[in-house]
Amino acid sequence: MLYNSFEFIFVFLPLALVGYFVAGRFNGNTLQLSWIIAASCIFYAFWDPIYIFLLVGSLLANFILGQQLMKHRHKLVLVAGIALNVSLLAYFKYRGFIVTNFAALADLQVEIPKLVLPLGISFFTFQKIAYLVDVYKGRVIERSLLRYAAFITFFPQLIAGPIVHYVPLMRQFDPKRPHVPRGTDLGIGIMFFVIGLAKKVGIADNLAPYADRLFATANASVPLGFFEAWLAVLTYGFQIYFDFSGYSDMAIGLARMFGIRLPLNFDSPYKARSIIDFWRRWHITLSRFLRDYVYIPLGGSHHGLTLQLCALLVTMLLGGLWHGANWTFVIWGGVHGLLLAINHLWRATALSDISESLLGAPAYNALCLAATFLSVMAAWVLFRSQSLAAADFILSGLIGANGFGAALPDYVLLHGVPAHKLIQSLFETQSWTIVPITATPICAGLLFVVWVLPNSQEIMSYRVLLPVRSRWRFGRTLHGLRSRSAYSIGL
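Position in the sequence shown (first residue = 1) + 214 = our numbering.
Just so you know, these hints were derived from the structure itself, not from any lab. It is possible that part of the hints are untrue.
Taking lysine-lysine pairs in the DSSO-like style, the calculated list, with each CA pair at most 30 Å apart, reads [unchecked claim]:
{"no.": "1", "residue 1": "351", "residue 2": "285"}
{"no.": "2", "residue 1": "390", "residue 2": "285"}
{"no.": "3", "residue 1": "351", "residue 2": "390"}
{"no.": "4", "residue 1": "351", "residue 2": "289"}
{"no.": "5", "residue 1": "307", "residue 2": "289"}
{"no.": "6", "residue 1": "351", "residue 2": "307"}
{"no.": "7", "residue 1": "307", "residue 2": "328"}
Label pairs and their in silico Cβ distance ranges [stated by the list, open to error]:
{"no.": "8", "residue 1": "360", "residue 2": "524", "range": "39 to 45 Å"}
{"no.": "9", "residue 1": "386", "residue 2": "573", "range": "43 to 49 Å"}
{"no.": "10", "residue 1": "408", "residue 2": "574", "range": "37 to 43 Å"}
{"no.": "11", "residue 1": "579", "residue 2": "324", "range": "48 to 54 Å"}
{"no.": "12", "residue 1": "223", "residue 2": "394", "range": "22 to 28 Å"}
{"no.": "13", "residue 1": "494", "residue 2": "278", "range": "35 to 41 Å"}
{"no.": "14", "residue 1": "386", "residue 2": "300", "range": "25 to 31 Å"}
{"no.": "15", "residue 1": "394", "residue 2": "359", "range": "21 to 27 Å"}
{"no.": "16", "residue 1": "275", "residue 2": "233", "range": "27 to 33 Å"}
{"no.": "17", "residue 1": "289", "residue 2": "427", "range": "50 to 56 Å"}
{"no.": "18", "residue 1": "284", "residue 2": "581", "range": "49 to 55 Å"}
{"no.": "19", "residue 1": "517", "residue 2": "398", "range": "46 to 52 Å"}
{"no.": "20", "residue 1": "524", "residue 2": "289", "range": "21 to 27 Å"}
Idealized CB from N, CA, C, for every residue including glycine.
Given only the sequences and the hints, what does the whole structure look like? Please build it.
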């Protein structure tokens, strides 16, 4: 069950909300937590019932390890807990990748049975590891299995993040003050969810056919010309942007309906003027996890520039591997690590100040914005391609090495489609994606959207972890919600 599915929006979510607030009236916070755990397990089991045993089993194992760490802070227990979680992730996500590469080195032919990847395993694995580390360091003391289970299974953030820490989330489930329905929470939550849904199904899913077709061409060992290569990069760049932005908004909105504030996970990353700034805006909670639990333990910035750059590269290589079991993901992470290293070296010298003085602040900022955007777009080719050879067919096309070619024929977005046919198609196909869009002009328009328009939290004045200062303000009334929501697509 996905957030944009009909059964979730029209059946599961209303029942979950009603049951949650009714439970709060009868037995306070305890029954509310029990209800949210049960609802979250049903939500997860709807995708594949067998994997609910994995979710619950690993949850219980981590809770027991956490209890042991509270009694005796032995590093061996912490290492065992981290090893358990990493092993489960490696078995389900990286088994084929590891065996295939070892078989290739040994010149062996090995058939590997395919496993369905458990939904959200990358996210809740990191969340469990963060919990164990926080317990080991004395940041968390929790004896309640019920509260720990709610922390892990809370469905708004279970399958796609954000990666949350125990204390900021669970202190909002106050045992003495059960949540009651509030118009402000419901209104803001619904608007965030609707905005995210619009980004996901209205933009990302309509761009996907273009990106899929173009990257499939490269994966079939067909070089892309200049126009096709740039269309592939831009359509996928905007697809992943609005897909992740949409899911982030939907997660925030869903949690807010229950009276819970999740941390921001997406802050207009294409407005970044450096790669460092990009990673402060893109997948914010993952960046913080990698910083706190990988980069800083490796030495961080406290042991000289050389060690800092090495720690940075290792961190980004692991971050790339976290995203997927393919060398293309690892190299994508390595590319971002190198870009971050260059960015740090640039800042460590006087070159940035000299360049800004020579060009002037407006021109320098515009150049930094364009350079960052193009670097991120080029790196997405590695992220999306199935092989390095396919990535080469597109990257070489970006500089015209494969000729210029002719762009794929465009289509018209919802043009000439009668309303009743649109609605009929939507319910018959159970799909929100109706027709392809005119990709080239739409991509040009989306550049304006992501560079100029305010994002969702600026419109909604949503403050959790990041201060928001903007001339765009969100009114307190539902009228303000309706009148201003159109601008928030800029996230």
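In rising order, the numbers of the hints this structure does not comply with: none
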